[in-house]
Each structure stands twice: as C-alpha cells, then as structure tokens.
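Please build the complex by placing chain B on the supplied structure of chain A, with the hints as guidance.
Residues per chain, in single letters:
There are 2 protein chains.
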Amino acid sequence: MSMVVVGSVAYDGVETPHGKIDRMLGGACTYIALSASFFTQPKIVAVVGEDFAQEDTDLLLSRGIDLAGLERVPGKSFFWAGKYSPDMNDRETLVTELNVFADFDPKLPDSYKSAPYLLLGNIQPGLQKSVRAQMNQPIRLVGGDTMNYWIADFRAQLLETIAEWDFLLINDSEARMLSGETNLKKAAAKIMDMGPNTLVIKRGEYGAILWRREGHFMVPGYLLEDVFDPTGAGDCFAGGFMGYLAGQGVDLKSDSVDHNEIRKAVIYGSVMGSFCCERFGVDRFRTLTRSEIDGRFEEFKEFTSF
Amino acid sequence: MSMVVVGSVAYDGVETPHGKIDRMLGGACTYIALSASFFTQPKIVAVVGEDFAQEDTDLLLSRGIDLAGLERVPGKSFFWAGKYSPDMNDRETLVTELNVFADFDPKLPDSYKSAPYLLLGNIQPGLQKSVRAQMNQPIRLVGGDTMNYWIADFRAQLLETIAEWDFLLINDSEARMLSGETNLKKAAAKIMDMGPNTLVIKRGEYGAILWRREGHFMVPGYLLEDVFDPTGAGDCFAGGFMGYLAGQGVDLKSDSVDHNEIRKAVIYGSVMGSFCCERFGVDRFRTLTRSEIDGRFEEFKEFTSF
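Just so you know, the sequences run in chain order A and B.
Residues 1 to 306, numbered by my numbering, are exactly what the first sequence covers, in order.
Residues 1 to 306, numbered by my numbering, are exactly what the second sequence covers, in order.
Chain A with its partners taken away, still in its complex shape:
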C-alpha cells in the first residue's frame, strides 16, 4: 500500500573522518522516501528551490517515488552543513540555511489523500498536525518523528499532535526528554500514555527498542567495519520500518495484528539505517538491491538468535 512522507528535501554539506562533501542531496524526507521505496510506493510532500538539480529529481523518480507533492518555488533549497566527531557519535552543525523551507506549508495533492499510510518526518508539530488533517479519514496508519527542539519549545502542540498517532519513532535522549524519565522502561510507558500504541526508541549504534502494550522487542545495532557517514541513518530506519508495514498492509491498531510483522519492520528499519552509513549521503541507495536488503535481514537473524 502506498505511503505519504512529509519532511525536508535539502542539500547537505558533511564532513566525517572519511572525507568531506560540500553539497549533496539530503533531507529527512529524501532519506525516508529512498529507504521506503524498497518496500512500497512513497509519495513525498516537500518544498525545494530553483536550485534543485534534475539529477536529484531523476534519482527519486528512478526509485518509483511519487513527486506530485514536491513543490518547487523561487529561491534556494534548504541547506545544512555539519561536521562529525572522530568517533562519529557527535556532530556539530556548521550551517543551517532554511531558505524556501522557512515558509513550508505542506499541501497534499488530491491523489495523496486516500493513501493508507502517513509518515510525518521531523518538522514543526503544528505542520505535522495539519498534514494529518488533510488526509481522508479514516487513515490506516499514521506516525512520525520529532526532535529535542520541538519537545522543549513546542511541547503542548507536540502532545496534541502525537495524541493522534499510531507510532512515534525517536531516539533515547528524546524519549527521556519527552517523558521526563531517565529509565527507558518508565519513559516508554509514559509515552504510550500520550497516544501512540507503538513506540520505537532508536539508540544509534546500539540498535533499537520496539514498545507495545504487550511487551517490548530489542535489536542490537548492525556492526559495520566502516561508518562513512551516519547522516540520515535514523530517517532510513523510519523509512524501512514504515515502508515494510505499508508494503505488508500491517495495521498497528488492529487487535489481530501479527506482532512478528512489527518486529520484522524494526529489523528492516535497522537494515536500511545500516546501509545508509556505508556511503556518503544517499549514495548507497543508488545501487542497493532488495536481495542485499533481505540478505542483511537474514544476517540479523543469524547474529541474534540462540
């Protein structure tokens, strides 16, 4: 089943211990859509400027991504630049030029409104809510991401927004911040009381935890020999997770939902996040195949089962 993805399509400058790229395709929506495109048809809602390159449009189209909702307006595309610490666990933002993204007011094309799956990338919670409201009701599955800035400064609006979501995907420090609990078990229980029936807490290189009322599921992070560039890994996780659910038509709200399908979605999220780190930016997705993805899924089974 198809899924709508809302977020940023941007250009990034990135420096890691493996090298430096001054400008390359980036943005949460880009990573999510490319990752999800291996499982379902993503329809993106985003805004770019006149500088958005044809080759980047072509890459998205080559992966079957629907660009009807990719608005092109006068001005320059969102630009972000950052530099990673030697161990790549921290990064410093060097440049943030919102450009056309500053006035982003997402509008869904009519052809998107009955898509059964909606993934709201990390943007202002009020905008996430407005996109949700534009969809035809009822929607099969809606979820998304957020970040420390919205949790700290837009808390009331964020709580109103996620109250309508089926799932929330955040990292461990965001989960602690949102819940006010240091212990992840307590944090997860509090967050599920805020609305989402499903919570995924990402822990970077240490993997992820899936939380549902019936229990939790833990997966360690895939061990790479070389992490070239972790930019977008969390978004690729989201794209693999939601993409798999959409591809299989899983309904998280249903009493008869197959819990193992949700666990498999977490593994596919982890797989896609790991591939993302193997090259700079979105480069790994230019050559990646579904059989490589399924091969790594089997590797996860192999190194976690006993």
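Note that these hints are calculated values from the structure, not bench results.
The structure presented is a predicted model; accordingly, all values stated were derived computationally and were not measured.
Every clue listed holds true.
Listed below are the simulated SDA-like cross-link pairs for lysine to any residue, each with C-alpha atoms no more than 20 angstroms apart in a straight line:
(1) A:Lys301 x B:Phe303
(2) A:Lys301 x B:Thr304
(3) A:Lys253 x A:Glu164
(4) B:Lys113 x B:Val250
(5) B:Lys185 x A:Met88
Structure of chain B alone, referenced to chain A:
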C-alpha cells in the same frame, strides 16, 4: 564440571542514587563465584584479612562454593569505596585500600589442580599466568578478565598471559585500548589474533557481543526498571558465562563445539549481570533461584526473537 576462580574477595562501600552502604561483601572473585554457583561448583582462590566476617564465609558456603583456596592472613581485607553518577554510567573511586591483597600470591590447593575450568579474575597479569601454570595440564578451558590499568602499563606481560587463554571477557573501551582499533569488528579480529579463540565484549547497559572465528552473536542488555547498584555486574556476567560452560562441559577449543551452547552462555552471563543490579552488592544472590534465572533466560528469548 568444577571451575577455579581467582580474584579479589573484598569489602566495598558504595553510593548510588538509591542509597549508600558503608561496608558490604564485594570483590570480583566473590561476584564471579556467587554467580557461577548457580551452574557449577566454583572453587575460589583469594586472600582475606582477620576482619573477614563469619556471615560472609557462611554465605559463600551456603552456595556450595569451595573455600579451600581462601587464604586468611593477618591484617585487613581489601577495601574499595566508590560513588556512582546520577545515571550510573560513571563511577568515582573514593577509597582503595589494598591491605592484605597487596601481597596476594595465589597458591592453588592440590584439590583444585585438576579442575577442568579456570577463570582468572581481574588481577595483575603475571599472577594470572602463575595460576595458569599451577594447574595440571592439559586444562579444558581457561579464560579471564583484565582492565585498562594492565593494558596500559603491563602490556607485554598481559599479551603473554592471554596468549594461553581460550577466552577473554572485557568491556568495549578495554577492547579498543587493547587492540588500538576504534571499530569493534576490527578490534575483535585483532584480539583474537592475540590468542583467545573466543572474545566477549561487554557493553554495559547495551549488552554484549560474542566473537568467534565463525562469526559473532549480539545480545542487548536487559532493561531493568531500577538499577540499584551496578557494582559487580560485569563479574556476575563472567560467572554466569563460564559457570554455564563448566556446567555443560563445553570445550571452546573443540571443532565439534555446539555454538549455540556458547550463545546460551552469553545469555546466562547477561541474566546474572542483570540480577546483580537489582539489589546492593551481592544481596540479590541471597534469595535468587535457578528457576528465576531460567525465567529471565526465556525473557531474553522472547524480547529478541523474530
């Protein structure tokens, strides 16, 4: 099969966000032996002073631990005191009084020398080597622990010592320090070239990784609602890991070794480490039962399988 454990038997003072205990039974050998006692018969080699309390002797005896190698000499027992950070990921050493441990020269009773399993707790590498040499040859399985201090200042002696070991159990920062590699995959390959056919890298709350030539196995850390006191958790991991191998008679060197038994040993190590944190010091082991242990083993299966 029985196993010999060498290391410190001590008194600890510990402060965590959950409280403060001025003096309680501690020491690596104590934690290892108590943990292993649920799987096999541990025989300890250690030294204590005249202050070692009868109730502490009684606790060890009640768990079936052989104390023939527990030397009692004039003076005071090793005392260590530390204080944990609010998130308990760091700790500050407040007091280290080596006392009788300063002259510890482990001597194996004859009744220990043909034990098939030998676990060398974290002591000076030269002493670890001398204990290995006292055992009747050949020995079925030998392994142990070390720490940053020995890696930095006793490197040559440490390398000579672990060259004879079947397994090494260390944490991730120690693995990086010993190998000179930041990436854990590369670090593990280098360490296995130093001798051990099996390596376990402990990652604190994030679990552990087992490395063998045929591949690796990853287990996430158990999520506790409350960590009362993490002191000894790594030693309890070692005791559960080696205790299970000894109990099952696993030979890591054998070509026909059942790899799943080694994975199960890692899970039992994780289980014992998690129980250790539930109370101050060794308190959890006063009431713990094998059926609680097996119940938590099943929990690990439940929250990791897909």
